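**Student:** Listed in order, the protein sequences are those of chains A and B.
Reminder that position 33 of the first sequence reads as 33 in the working numbering, one-by-one numbering, no gaps.
The number in the working numbering is simply the position in the second sequence, starting from 1, with 284 added.
Calculated directly from the structure, the hints in this document are not laboratory data.
Be aware that a few hints might be false.
Cross-link-like lysine-lysine pairs, in silico, DSS-like; alpha carbons within 25 Å at most [claimed, not checked]:
#1 A:47 - B:290
#2 A:174 - A:25
#3 A:264 - A:15
#4 A:152 - A:76
#5 B:300 - A:174
#6 A:174 - A:118
#7 A:152 - A:47
#8 A:15 - A:25
#9 B:389 - B:378
#10 B:290 - B:300
#11 B:300 - A:152
#12 A:47 - B:378
As the structure is a prediction and not an experimental result, all values here were calculated from the model.
Chain residues, written in single-letter form:
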Amino acid sequence: MANVRDIRRRIRSAKNIQQITRAMKFVSAARLRRAQERVLASRPYAKQMVAVLRSLAARVPTDAHPLLAQRGQVGKIELLVITADRGMCGAYNTNIIRSALEFLGRHPGQVELNILGKRGRDFFRRRPYPVRSEAINILQNLTFADAAAIAKDLIEGFAGGERDEVWLLYNEFKSVVQQRIVLERLLPIERMEDPEGDGELEYIYDEPPEKIFSTLLPRYVEAQVFRAMLEAAASEQGARMSAMEAATNNAAEMIDSLTLHANKIRQAGITNELIEVVSGAGSL
Amino acid sequence: MALPEKIHLEIVTPDKQVYSGNVESILVPAQTGYMGILPGHAPLLAELGIGDIEFTADGVTECVACSWGFIEVLPDRVVLLAQEAELSSDIDLKRAEEAKARAEKLLASGDPDVDYAATELAVLRAMSRINAAKSATARQTMRKS
Numbered sequence: 001m002a003n004v005r006d007i008r009r010r011i012r013s014a015k016n017i018q019q020i021t022r023a024m025k026f027v028s029a030a031r032l033r034r035a036q037e038r039v040l041a042s043r044p045y046a047k048q049m050v051a052v053l054r055s056l057a058a059r060v061p062t063d064a065h066p067l068l069a070q071r072g073q074v075g076k077i078e079l080l081v082i083t084a085d086r087g088m089c090g091a092y093n094t095n096i097i098r099s100a101l102e103f104l105g106r107h108p109g110q111v112e113l114n115i116l117g118k119r120g121r122d123f124f125r126r127r128p129y130p131v132r133s134e135a136i137n138i139l140q141n142l143t144f145a146d147a148a149a150i151a152k153d154l155i156e157g158f159a160g161g162e163r164d165e166v167w168l169l170y171n172e173f174k175s176v177v178q179q180r181i182v183l184e185r186l187l188p189i190e191r192m193e194d195p196e197g198d199g200e201l202e203y204i205y206d207e208p209p210e211k212i213f214s215t216l217l218p219r220y221v222e223a224q225v226f227r228a229m230l231e232a233a234a235s236e237q238g239a240r241m242s243a244m245e246a247a248t249n250n251a252a253e254m255i256d257s258l259t260l261h262a263n264k265i266r267q268a269g270i271t272n273e274l275i276e277v278v279s280g281a282g283s284l
Numbered sequence: 285m286a287l288p289e290k291i292h293l294e295i296v297t298p299d300k301q302v303y304s305g306n307v308e309s310i311l312v313p314a315q316t317g318y319m320g321i322l323p324g325h326a327p328l329l330a331e332l333g334i335g336d337i338e339f340t341a342d343g344v345t346e347c348v349a350c351s352w353g354f355i356e357v358l359p360d361r362v363v364l365l366a367q368e369a370e371l372s373s374d375i376d377l378k379r380a381e382e383a384k385a386r387a388e389k390l391l392a393s394g395d396p397d398v399d400y401a402a403t404e405l406a407v408l409r410a411m412s413r414i415n416a417a418k419s420a421t422a423r424q425t426m427r428k429s
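Bound-form chain A, shown alone:
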């Protein structure tokens, strides 16, 4: 039977772990707030961009643009997977990697990977999947320029005809405790219809609408990538915060039950000694 000193040691180590997880929880809570603000701040831009594109799409023959063109035979597919750089965030990385593997399974031999985040890189490094590019440690201090560079690379591969489709796989930030894995097609861009149908509004174009449209589309792709990265960064912090919260609670529970156990053993020892003293006195 375990003695009191062993149990005390286990309590101490559980307490240490609890302190660490609690600290990590606070750190990610602070980061989460910042990441959340950035996600919210980036939404108006994306929203307006879509609105402008929609109203343009109603006026311009859009089929002609290379970024909108569907390819009849889909050969090579590119997948951008956004994982975290660090662990300790529950099932966050496992889930996204599992989805990536499912995607790879559905399109055997067609997919090339672009990986963001150390966790994803480490996972796929040991496996026989083609990885075209990887980037680590950029989600922490994400700038639009980073996202734009990645988007540009994706656009070039697509427009150059090396790849027929580009997909994004990331966690969407629903709420602090809820993330949703999203798999969406980045290229070719979905045809945009004008839902409000205010197509009768005649614009004055400063330049030919085709030209405006074709400069806007790459920007739209950049904005999409940027938004996906911001969402993923916020989700990561959210996942880490709830994981650390759960770990802190589990540690507290463990400390409680160990303390109870230790007290019981101590009590049992005292009772034993008492019995020995009493029975010793009785035999005199």
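Given the coordinates of chain A, assemble chain B onto it according to the supplied hints.
**Tutor:** Relative to the frame of chain A, chain B by itself:
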């Protein structure tokens, strides 16, 4: 029909919403040259270059340094999607001047590795920010005197 007196302006960048409010007039750097917009303007769509956006709200003129974007003008509102946009009050004049000096030095260095087109754009961007910051301070001193 009487023309509206104000027009709703929104300036958004990928990072944040820079400005949202009702203004009396807007001046933007379109690709084809500076363009003024007053309330009741016909619908218009234009690409923006590097330069300063100026708009007047309640008689006060604000200046925003902008590098590349789009403007959509509707009769009652203007949406400005800018790649980068900084209110003149947020611009660090010293940093802008340093950036300009750095880029100019690169241009003058004659180094074959320098991306001239990109560096020239950097100079233009820095100049637009310096302009925006300076015109804002100039206006402030004028108002005070």
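**Student:** Against this structure, judge whether each hint is valid.
**Tutor:** Results of checking the hints against the structure:
| no. | hint | verdict |
| --- | --- | --- |
| 1 | A:47 - B:290 | holds, 23 Å |
| 2 | A:174 - A:25 | holds, 19 Å |
| 3 | A:264 - A:15 | holds, 20 Å |
| 4 | A:152 - A:76 | holds, 18 Å |
| 5 | B:300 - A:174 | holds, 20 Å |
| 6 | A:174 - A:118 | holds, 23 Å |
| 7 | A:152 - A:47 | holds, 21 Å |
| 8 | A:15 - A:25 | holds, 15 Å |
| 9 | B:389 - B:378 | holds, 16 Å |
| 10 | B:290 - B:300 | holds, 23 Å |
| 11 | B:300 - A:152 | holds, 22 Å |
| 12 | A:47 - B:378 | violated, 34 Å |
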